[in-house]
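2 protein chains.
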Amino acid sequence: MPSSKSPVVVTCTAPVNIAVIKYWGKRDEELILPLNSSLSVTLHQDQLRTTTTAAISKDFSEDRVWLNGREEDVEQPRLQACLREIRRLARKRRSTGDEDPRTPSLSDRVHVASVNNFPTAAGLASSAAGFACLAYTLARVYGVEGDLSEVARRGSGSACRSLYGGFVEWQMGQRADGKDSVAQQVAPESHWPQLRVLILVVSAEQKPVGSTAGMQTSVQTSALLKFRAEALVPAHIVEMARCIQEQDFPGFAELTMKDSNQFHATCLDTFPPISYLNDTSRRIMQLVHRFNAYHGQTKVAYTFDAGPNAVIFTLDDTMAEFVAVVRHVFPPEVNGDKFLKGLPVTPVPVSDELKATLAMEPVPGGVQYIIATQVGPGPQVLDDPDAHLLGPDGLPKPKPAA
Amino acid sequence: MPSSKSPVVVTCTAPVNIAVIKYWGKRDEELILPLNSSLSVTLHQDQLRTTTTAAISKDFSEDRVWLNGREEDVEQPRLQACLREIRRLARKRRSTGDEDPRTPSLSDRVHVASVNNFPTAAGLASSAAGFACLAYTLARVYGVEGDLSEVARRGSGSACRSLYGGFVEWQMGQRADGKDSVAQQVAPESHWPQLRVLILVVSAEQKPVGSTAGMQTSVQTSALLKFRAEALVPAHIVEMARCIQEQDFPGFAELTMKDSNQFHATCLDTFPPISYLNDTSRRIMQLVHRFNAYHGQTKVAYTFDAGPNAVIFTLDDTMAEFVAVVRHVFPPEVNGDKFLKGLPVTPVPVSDELKATLAMEPVPGGVQYIIATQVGPGPQVLDDPDAHLLGPDGLPKPKPAA
Numbered sequence: 001m002p003s004s005k006s007p008v009v010v011t012c013t014a015p016v017n018i019a020v021i022k023y024w025g026k027r028d029e030e031l032i033l034p035l036n037s038s039l040s041v042t043l044h045q046d047q048l049r050t051t052t053t054a055a056i057s058k059d060f061s062e063d064r065v066w067l068n069g070r071e072e073d074v075e076q077p078r079l080q081a082c083l084r085e086i087r088r089l090a091r092k093r094r095s096t097g098d099e100d101p102r103t104p105s106l107s108d109r110v111h112v113a114s115v116n117n118f119p120t121a122a123g124l125a126s127s128a129a130g131f132a133c134l135a136y137t138l139a140r141v142y143g144v145e146g147d148l149s150e151v152a153r154r155g156s157g158s159a160c161r162s163l164y165g166g167f168v169e170w171q172m173g174q175r176a177d178g179k180d181s182v183a184q185q186v187a188p189e190s191h192w193p194q195l196r197v198l199i200l201v202v203s204a205e206q207k208p209v210g211s212t213a214g215m216q217t218s219v220q221t222s223a224l225l226k227f228r229a230e231a232l233v234p235a236h237i238v239e240m241a242r243c244i245q246e247q248d249f250p251g252f253a254e255l256t257m258k259d260s261n262q263f264h265a266t267c268l269d270t271f272p273p274i275s276y277l278n279d280t281s282r283r284i285m286q287l288v289h290r291f292n293a294y295h296g297q298t299k300v301a302y303t304f305d306a307g308p309n310a311v312i313f314t315l316d317d318t319m320a321e322f323v324a325v326v327r328h329v330f331p332p333e334v335n336g337d338k339f340l341k342g343l344p345v346t347p348v349p350v351s352d353e354l355k356a357t358l359a360m361e362p363v364p365g366g367v368q369y370i371i372a373t374q375v376g377p378g379p380q381v382l383d384d385p386d387a388h389l390l391g392p393d394g395l396p397k398p399k400p401a402a
Numbered sequence: 001m002p003s004s005k006s007p008v009v010v011t012c013t014a015p016v017n018i019a020v021i022k023y024w025g026k027r028d029e030e031l032i033l034p035l036n037s038s039l040s041v042t043l044h045q046d047q048l049r050t051t052t053t054a055a056i057s058k059d060f061s062e063d064r065v066w067l068n069g070r071e072e073d074v075e076q077p078r079l080q081a082c083l084r085e086i087r088r089l090a091r092k093r094r095s096t097g098d099e100d101p102r103t104p105s106l107s108d109r110v111h112v113a114s115v116n117n118f119p120t121a122a123g124l125a126s127s128a129a130g131f132a133c134l135a136y137t138l139a140r141v142y143g144v145e146g147d148l149s150e151v152a153r154r155g156s157g158s159a160c161r162s163l164y165g166g167f168v169e170w171q172m173g174q175r176a177d178g179k180d181s182v183a184q185q186v187a188p189e190s191h192w193p194q195l196r197v198l199i200l201v202v203s204a205e206q207k208p209v210g211s212t213a214g215m216q217t218s219v220q221t222s223a224l225l226k227f228r229a230e231a232l233v234p235a236h237i238v239e240m241a242r243c244i245q246e247q248d249f250p251g252f253a254e255l256t257m258k259d260s261n262q263f264h265a266t267c268l269d270t271f272p273p274i275s276y277l278n279d280t281s282r283r284i285m286q287l288v289h290r291f292n293a294y295h296g297q298t299k300v301a302y303t304f305d306a307g308p309n310a311v312i313f314t315l316d317d318t319m320a321e322f323v324a325v326v327r328h329v330f331p332p333e334v335n336g337d338k339f340l341k342g343l344p345v346t347p348v349p350v351s352d353e354l355k356a357t358l359a360m361e362p363v364p365g366g367v368q369y370i371i372a373t374q375v376g377p378g379p380q381v382l383d384d385p386d387a388h389l390l391g392p393d394g395l396p397k398p399k400p401a402a
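For the protein sequence lines, the chains are A and B, in the order given. Reminder that position 66 of the first sequence reads as 66 in the UniProt record's numbering, one-by-one numbering, no gaps. Reminder that position 70 of the second sequence reads as 70 in the UniProt record's numbering, one-by-one numbering, no gaps.
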């Protein structure tokens, strides 16, 4: 129980999510309301997570934020929008008499520290996990309950999908004020225990167009994006939810690939065009199609976000063979022993017949490394005070020696 | 004047055309009727041409065809469709009494030899020039006049656009029998004398998906293709014709790039996806956009067909600088003196300021060579008997020593 002297401190973790029906383009830039609904898979925090500590104290003179150990500008509009929104919800809660007397005063300033356990170079949408974790942690420290979609969404649209585990739909909503643009769980993480996820980190020569700017240009210039959002995505959402409910892997996999390709098609239709896929990405796509053709069924799917890295979905019985095939086509250059991170995968041989069917010239180093993971739960509170990223003085703890 | 003893021999040339509004997908596979109208620029035959000789004689026992010196299977359905169609038109003409008494009998067999003056490796749509030349040459030898769109189209859809010089629209038509699916000149080759064309031949690691099979898969699987063909291309055609009529280069250039990107977007939306653009293609696109941004106006455009090679449009006052920029970003690896073929281009330096704006790391060998050309006329008859590819015996002449 917090004393009046030491700060109120809460530490939480939140997951990364990967969209299988893609979000691209806003109908409202200020409120971050999307052109279409999207649907994602929450990845397990054992492999990929953001950890955030929030502390509130009368002694703090201003709001401050540290990201991966470096202080950030707290005036960033999206950070401000999250803080404003959580304080609005806290105020509303208190005015309705639901207040927990232990929660801190709304006039007190907050310190926030956040770290990712994965390198930015992995090209994963760290902002989704980051803002979900911020929203969740602030809600705990301010004693706010209920749906946090709006708080997270104001930070980064897809962050609202990281508020839940398992399979999550971000419903676009219809209202102009965005109150119905919320995330909702389609199925919990326990629903499809065989599903596995591989992140293939691809060597990129240059930083791609950022997603915020990219989306804006797409909305302004791509007629195909508008058509996709209005006429095609609604049916994709319904079909994807069905595939998940029924654990229909081939259906899930095909639609995941088609939706990813269609999203990248709208990027290419943008002017000037946006290309997130590079030759290695396309080689991975070809590998997946040939692997599936060899097996006579869709056993593996790819999806790509705003960068060249592939996210692969498969089932537990196929993961070892597919990892072996990736290692065959993209032989590790230097880090053979560190090529595979995350879940353990038993090494298996690739048959000569499969190699011959793939008919792909090996490209050493094309894939830097693989992270093996699975579907996971939503944000978690860490009760261990040692987990706090902020010390009793409200400043980031020094990093423990590695 | 042909005697009754020696064969009737005619030799013609036909040009390559490059679509600026793309054709992709058939509504009728048999008649080769397109999903949408398309519009192309005819390239000059001084640089790129097909030459075809047709000979007819009572002494020939069967139809025979040689392509680049190698005998082809004359039973190929598309070759048969052209031969059938030209004989049908000749028969029709004779039945109406328009016959020239010198024209050979319809029961006589034909020998055809055809050569391209550009390597297949250039990835140019040789079938368009080839079937246009075949249609034009057969029409001459059979004494058929009038529009040959249907003859050429039955060989290869885009071949009908190579029947005219300058700027050509292939009108999709509405009729089920395809009689109104014809090529029509939008403006002659003399209309826009400043326009220049550069073909950037890109190193490709593997043969891409053929356009016939690619189109079929796209028609079957891409919702974006259907939408583009129905809802977007009609306005593109009208706008492109206006840009050409008014010699509006920035308008022409932007629409050319947008239409190319949209076509490749529909390829990516195909399942399994088709990728004709590789990292070098995308680098060329980026180079064009940065070059235009540096100049503050759209001075250069790219377009890509079913392969990684870029076709660049620019005006005569910009060609030398753009060639220099291509040489800067893609330094020739071995053939510095043979890097530029076709029209002469004065070497000019690239300013340090422009190099800095481009900010592109040179990729040696990414572009193999450049062909510089311009807008050109339609098919031509060669009167010189030395030009015949078939000898008096109706067989291909031996190749002259180089």
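Hints are computed from structural coordinates only; laboratory data are not their basis. Any given hint could be a false lead.
Identical copies go unnamed one by one, so any copy, or any two together, can satisfy a pair.
As the list claims (entries may be wrong) - Distance condition first, Cα-Cα at most 25 Å in a straight line; then the derived SDA-like pairs of lysine to any residue: (1) Lys399 / Asp147; (2) Lys397 / Thr96; (3) Lys355 / Val209; (4) Lys341 / Glu30; (5) Lys299 / Val209; (6) Lys226 / Glu353; (7) Lys399 / Pro234; (8) Lys355 / Gly210; (9) Lys58 / Pro349; (10) Lys338 / Asp384; (11) Lys355 / Pro208; (12) Lys299 / Asp248; (13) Lys226 / Gly143; (14) Lys58 / Gln184; (15) Lys26 / Asp383; (16) Lys226 / Ser37; (17) Lys355 / Asp316; (18) Lys226 / Glu254; (19) Lys355 / Glu254; (20) Lys26 / Gln374.
Here is what the structure says about each hint:
Taking the shortest Cα distances, Lys399 and Asp147 never come within 25 Å of each other, neither inside one copy (33 Å) nor across copies (80 Å). Taking the closest pair of Cα atoms, Lys397 and Thr96 never come within 25 Å of each other, the shortest separation being 37 Å inside a single copy and 98 Å across copies. In this homomeric assembly, Lys355 and Val209 come within 25 Å of each other (Cα to Cα) only across copies, at 21 Å, whereas the closest approach inside a single copy is 35 Å. When the C-alpha separation of Lys341 and Glu30 is checked against a cutoff of 25 Å, the pair qualifies neither within a copy, at 38 Å, nor between copies, at 53 Å.
Only between protomers do Lys299 and Val209 lie at most 25 Å apart by alpha-carbon distance; the minimum there is 23 Å, versus 32 Å within a single protomer. Neither within a single protomer nor between protomers do Lys226 and Glu353 lie at most 25 Å apart by alpha-carbon distance, with minima of 44 Å and 38 Å respectively. In the homo-oligomer, the alpha carbons of Lys399 and Pro234 never lie at most 25 Å apart, since the shortest distance is 46 Å inside one protomer and 62 Å across protomers. When the C-alpha separation of Lys355 and Gly210 is checked against a cutoff of 25 Å, the pair qualifies only between copies, where the shortest distance is 24 Å, while the shortest distance within a copy is 37 Å.
Proximity of Lys58 to Pro349 under the C-alpha cut-off of 25 Å is found in neither arrangement, the shortest distances being 62 Å within a copy and 65 Å between copies. Neither within a single protomer nor between protomers do Lys338 and Asp384 lie at most 25 Å apart by alpha-carbon distance, with minima of 30 Å and 70 Å respectively. Proximity of Lys355 and Pro208 under a CA criterion of 25 Å is satisfied inter-copy only: 20 Å between copies versus 32 Å inside one chain copy. Proximity of Lys299 to Asp248 under the C-alpha cut-off of 25 Å is restricted to the intra-copy arrangement: shortest distance 11 Å within a copy versus 51 Å between copies.
For the identical chains of this complex, Lys226 and Gly143 are neighbours neither inside a copy (40 Å) nor across copies (52 Å), given an alpha-carbon limit of 25 Å. Within a single copy, Lys58 and Gln184 get their C-alpha atoms no closer than 36 Å, and across copies no closer than 80 Å, so neither meets the 25 Å cut-off. In this assembly of identical chains, the alpha carbons of Lys26 and Asp383 never lie at most 25 Å apart, being 37 Å within a copy and 64 Å across copies at closest. For the homomeric pair Lys226 and Ser37, the shortest alpha-carbon distances inside one copy (13 Å) and between copies (23 Å) are both at most 25 Å.
Within a single copy, Lys355 and Asp316 get their C-alpha atoms as close as 21 Å, which meets the 25 Å cut-off; across copies the closest is 51 Å, which misses it. Taking the shortest alpha-carbon separations for Lys226 and Glu254, both the intra-copy value of 22 Å and the inter-copy value of 20 Å come in at or below 25 Å. Only within a single protomer do Lys355 and Glu254 lie at most 25 Å apart by alpha-carbon distance; the minimum there is 23 Å, versus 44 Å between protomers. Taking the closest pair of Cα atoms, Lys26 and Gln374 never come within 25 Å of each other, the shortest separation being 29 Å inside a single copy and 43 Å across copies.
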